[in-house]
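J.: Keeping the supplied structure of chain A fixed, place chain B upon it in accordance with the hints.
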Amino acid sequence: MPGDGIIREPMLEIYLFEATQLMEQLEEISIDCEKNRKIGTEAINEIFRIMHTIKSSSAMMMFNNISVLAHSLEDLFYFIRESKAINIDFEKLFDLVLSGIDFIKGEVSKIENDCDADGFCEPLVLKSSNLLQDMKEANGVIIKDDVRQKKEDTKYYISSYEKLGTEIKQKYFARIFYEDGCEMENVRAYTVVHNLKEIVSEMYHVPEDIIESDDSVEAIRRDGFLIGFSTSTSKEKIEEQLNGIIFLRELELQQVEEYPLELKALKAKIQIVLENPITEKTIYKEAILEETTDKLDTNKEEVGNIIKSGKQQSIISVNISKLDMLLDLVGEIVISEAMVTKNPDLEGLTLDNFNKASRQLRKLTNELQDVVMSIRMVPVSTTFHKMNRIVRDMSKKLNKEVELVIIGEDTEVDKNIIDHISDPLMHLVRNSLDHGLEDKEERIASSKPPMGKITLEAKNAGGDVFIIVSDDGRGLDLGKIYEKAKLQGLVTKPEGELTDKEIFACILLPGFSTNESVTEFSGRGVGMDVVKKNIDSIGGAISIESVVGRGSTISIKIPLTLAIIDGLEVAVGTSKYTIPITSIRESFKPKENDVIADSEGNEMIMIRGQAYAIHRLHRIFNIDTEVTSSNKGIMVMVEDNTKAACLFVDSLIGEQQVVVKALPTYIKKAKGIAGCTILGDGNISLIIDVNGILDR
Amino acid sequence: MKKVLITDDAVFMRVSLKTMLERNGFEIVGEAENGSIAVQKYKILKPDIITLDITMPVMDGIEALEHIKAIDKNAKVIMISAMGQESIVRKAIILGATGFIVKPFNEETIVKVFKKL
Chain A
1 MPGDGIIREP MLEIYLFEAT QLMEQLEEIS IDCEKNRKIG TEAINEIFRI MHTIKSSSAM
61 MMFNNISVLA HSLEDLFYFI RESKAINIDF EKLFDLVLSG IDFIKGEVSK IENDCDADGF
121 CEPLVLKSSN LLQDMKEANG VIIKDDVRQK KEDTKYYISS YEKLGTEIKQ KYFARIFYED
181 GCEMENVRAY TVVHNLKEIV SEMYHVPEDI IESDDSVEAI RRDGFLIGFS TSTSKEKIEE
241 QLNGIIFLRE LELQQVEEYP LELKALKAKI QIVLENPITE KTIYKEAILE ETTDKLDTNK
301 EEVGNIIKSG KQQSIISVNI SKLDMLLDLV GEIVISEAMV TKNPDLEGLT LDNFNKASRQ
361 LRKLTNELQD VVMSIRMVPV STTFHKMNRI VRDMSKKLNK EVELVIIGED TEVDKNIIDH
421 ISDPLMHLVR NSLDHGLEDK EERIASSKPP MGKITLEAKN AGGDVFIIVS DDGRGLDLGK
481 IYEKAKLQGL VTKPEGELTD KEIFACILLP GFSTNESVTE FSGRGVGMDV VKKNIDSIGG
541 AISIESVVGR GSTISIKIPL TLAIIDGLEV AVGTSKYTIP ITSIRESFKP KENDVIADSE
601 GNEMIMIRGQ AYAIHRLHRI FNIDTEVTSS NKGIMVMVED NTKAACLFVD SLIGEQQVVV
661 KALPTYIKKA KGIAGCTILG DGNISLIIDV NGILDR
Chain B
697 MKKVLITDDA VFMRVSLKTM LERNGFEIVG EAENGSIAVQ KYKILKPDII TLDITMPVMD
757 GIEALEHIKA IDKNAKVIMI SAMGQESIVR KAIILGATGF IVKPFNEETI VKVFKKL
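From first to last, the protein sequence lines are chains A and B. With our numbering, letter number 41 in the first sequence gets 41, and the count goes up by one each step, no holes. With our numbering, letter number 39 in the second sequence gets 735, and the count goes up by one each step, no holes.
Some clues are possibly wrong.
[Claimed, not checked] Covered, in the sense of this in silico footprint (three residues per stretch, anywhere, with C-beta under 8 Å from a C-beta of chain B), are these stretches of chain A:
{"#": "1", "segment": "14 to 22"}
{"#": "2", "segment": "53 to 64"}
{"#": "3", "segment": "185 to 198"}
[To be verified] Here are the simulated BS3-like pairs of lysine-lysine, each with C-alpha atoms no more than 30 Å apart in a straight line:
{"#": "4", "chain 1": "A", "residue 1": "197", "chain 2": "B", "residue 2": "742"}
{"#": "5", "chain 1": "A", "residue 1": "197", "chain 2": "B", "residue 2": "714"}
{"#": "6", "chain 1": "A", "residue 1": "237", "chain 2": "B", "residue 2": "714"}
{"#": "7", "chain 1": "A", "residue 1": "661", "chain 2": "A", "residue 2": "415"}
{"#": "8", "chain 1": "B", "residue 1": "742", "chain 2": "A", "residue 2": "235"}
{"#": "9", "chain 1": "B", "residue 1": "811", "chain 2": "B", "residue 2": "698"}
{"#": "10", "chain 1": "B", "residue 1": "812", "chain 2": "A", "residue 2": "386"}
{"#": "11", "chain 1": "B", "residue 1": "808", "chain 2": "A", "residue 2": "237"}
In short, the hints are calculated from the structure, not lab data. Treat the numbers as computed from the prediction; the structure is a model and nothing was measured. Idealized CB from N, CA, C, for every residue including glycine.
Chain A on its own, in the form it takes in the complex (with noise of 0.2 Å):
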């Protein structure tokens, strides 16, 4: 098929994401019916529908091999539908279904990066044939070779109509032939015997088994469809309605004494079926409206909005990048605004009306803000769901019955987030199937319920979302991470000086692993220091709890969005540094005498019977200030998940809303600065990376 009629671009992209988006909705249904070992009337049709659809969208981007694919498994969901089959084997069903989704999934992706599609459908195909064969053996359904023809009463010609006997009846023989590849001729052909119908008083017709017949196609195609039929209406008039058909390449129409002899050998045998249609389509009509009102009720509301707004769909798609435009823009906005109302020249002068004019800009521009933020926040919920997947797969190949449990799915994050949490959350799921959950026979023996639980939850606590992983596994051995943490030379205190959170942080840490076989799901050599890389990447935090036994917890804290942040801007010489607000415990001047140092120099404070250690901002980054004593700068308390130390400033300057940029590329690592910022006046920001001074 000629592609010329599609403007490709925006095609191909609706394409992609419809394909992609029933894939996950398909690969949802598939899990659960497989899960439940049932599938619903309800579930088989939505399958169905959605190989439908690819087929046909994929057949018109001329994706061969997916429509190919697709095709062959709705034919297996066809069955199910038609033939309500009751011996199914879900594994090996809902297997296929899977294994055609990676495919599709893969080949989709292949587009998306411009390559060809070009994989290999042959043996999916095939294995749906063989599985298709099979159901219809175990069902006991007689092999048929077309399941699709279904059994319809076999009223396909018509003849003898006695209409309007006064007037003069004559014979006629019409010829048709159809265009090239317009397909389903035989429909076609039935369409114009359903059409003169109501003309004519007799009617026969080659071949005469129009539908029902896989080789009444081939045999319109090449002798064309031959009718004849007797009417009092003039020629000029069948004519006009003949020529009307669609696709007509050729017609012949004559007026006869007699049918040739092809349509009269049909006559002798021809049973004789007297229909109303005027009849038949009363009574259905009456039945229809009945049922209409209530049937519709339930779209009723839906169509209403949709009209109201305009005729038009309520939701559109948008390419993430114009998205990602739109927040950067939103922040150069947001710098502006404060550049112009914050401008140097102002200061010392009484500006009333400018005053009053930049609020309601600052307030809109908040507003602004506010609206693109909420633009961009995702439910969680595709990403969760996910892990169904994995959970399936990892526990049919570790032979552990595993239940996952999602709780908060609609929970909202920025898109960048979810894209950066995806990777983590899988590893974590894997490890806890992996290494976290015990086999049957092991949790029996330790009377646990026989089927592991894997809980996945997220919700929203202030600014920040929280993802929690937990198992009911064997959870995690505090001396063992000890010992292990020691032999790798990655502690130095002993035990009893950690707490049991500091403890478990250690297998966050590069080259820590406790498993020392490497499984397939887990030891690919990425251990948790990929989880955790990853996670702080996005400014986020993991925290693990664990009781030996009961199971384990992981907690991510991630921000709601990476771009805006709430900052303390601090000043150190004349450089301007801005410290994330949700880090900073509090501050306060310290006095001389507070401030202790060891043996090395190491300097650290007491603070309510605590020592926390002092990182000098000036030293760190080699500043010259002239504040160096402790008593004439100011001490600021952050944290981390399990640290707390003092940052050293020269003073704090003010709590401000500051857009993140990223360094430039050109500053390969900065070990303590986590981005930039442009401040109101035009100066740049550094944005101070707590887990970096603190890790020093």
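T.: Then chain B, alone, in the frame of chain A:
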């Protein structure tokens, strides 16, 4: 300009049809993603032509066709079918569908069918 209402559960198909028809002088007055919405919209928008996909959730194309024919027996309905749906299309013709298109289709096909109406 002829007014067309497009019904299909797949966005891709709706956009394809819409693009092709708009380029050939048809006005798309609305889109529906299932039969039930199509029937509702048909009543309100009163299009000259309505296209109905066959396989759709909530209410399929055949049922929608019956409803639409009951509302307006002269309604011009084009069924959008796929290979293998011959007997369903036949049913649609009996119920009064004006014509049908087989997926996958191209612009040429669409124009031929729609210009004949």
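J.: Now tell me, hint by hint, if it's right for this structure.
T.: A quick look at each hint next to the structure:
| no. | hint | result |
| --- | --- | --- |
| 1 | 14 to 22 | holds (count 4) |
| 2 | 53 to 64 | holds (count 6) |
| 3 | 185 to 198 | holds (count 5) |
| 4 | A:197 - B:742 | 28 Å, holds |
| 5 | A:197 - B:714 | 34 Å, violated |
| 6 | A:237 - B:714 | 34 Å, violated |
| 7 | A:661 - A:415 | 17 Å, holds |
| 8 | B:742 - A:235 | 34 Å, violated |
| 9 | B:811 - B:698 | 10 Å, holds |
| 10 | B:812 - A:386 | 48 Å, violated |
| 11 | B:808 - A:237 | 22 Å, holds |
In this structure, the hints that do not hold are numbers 5, 6, 8 and 10, in rising order.
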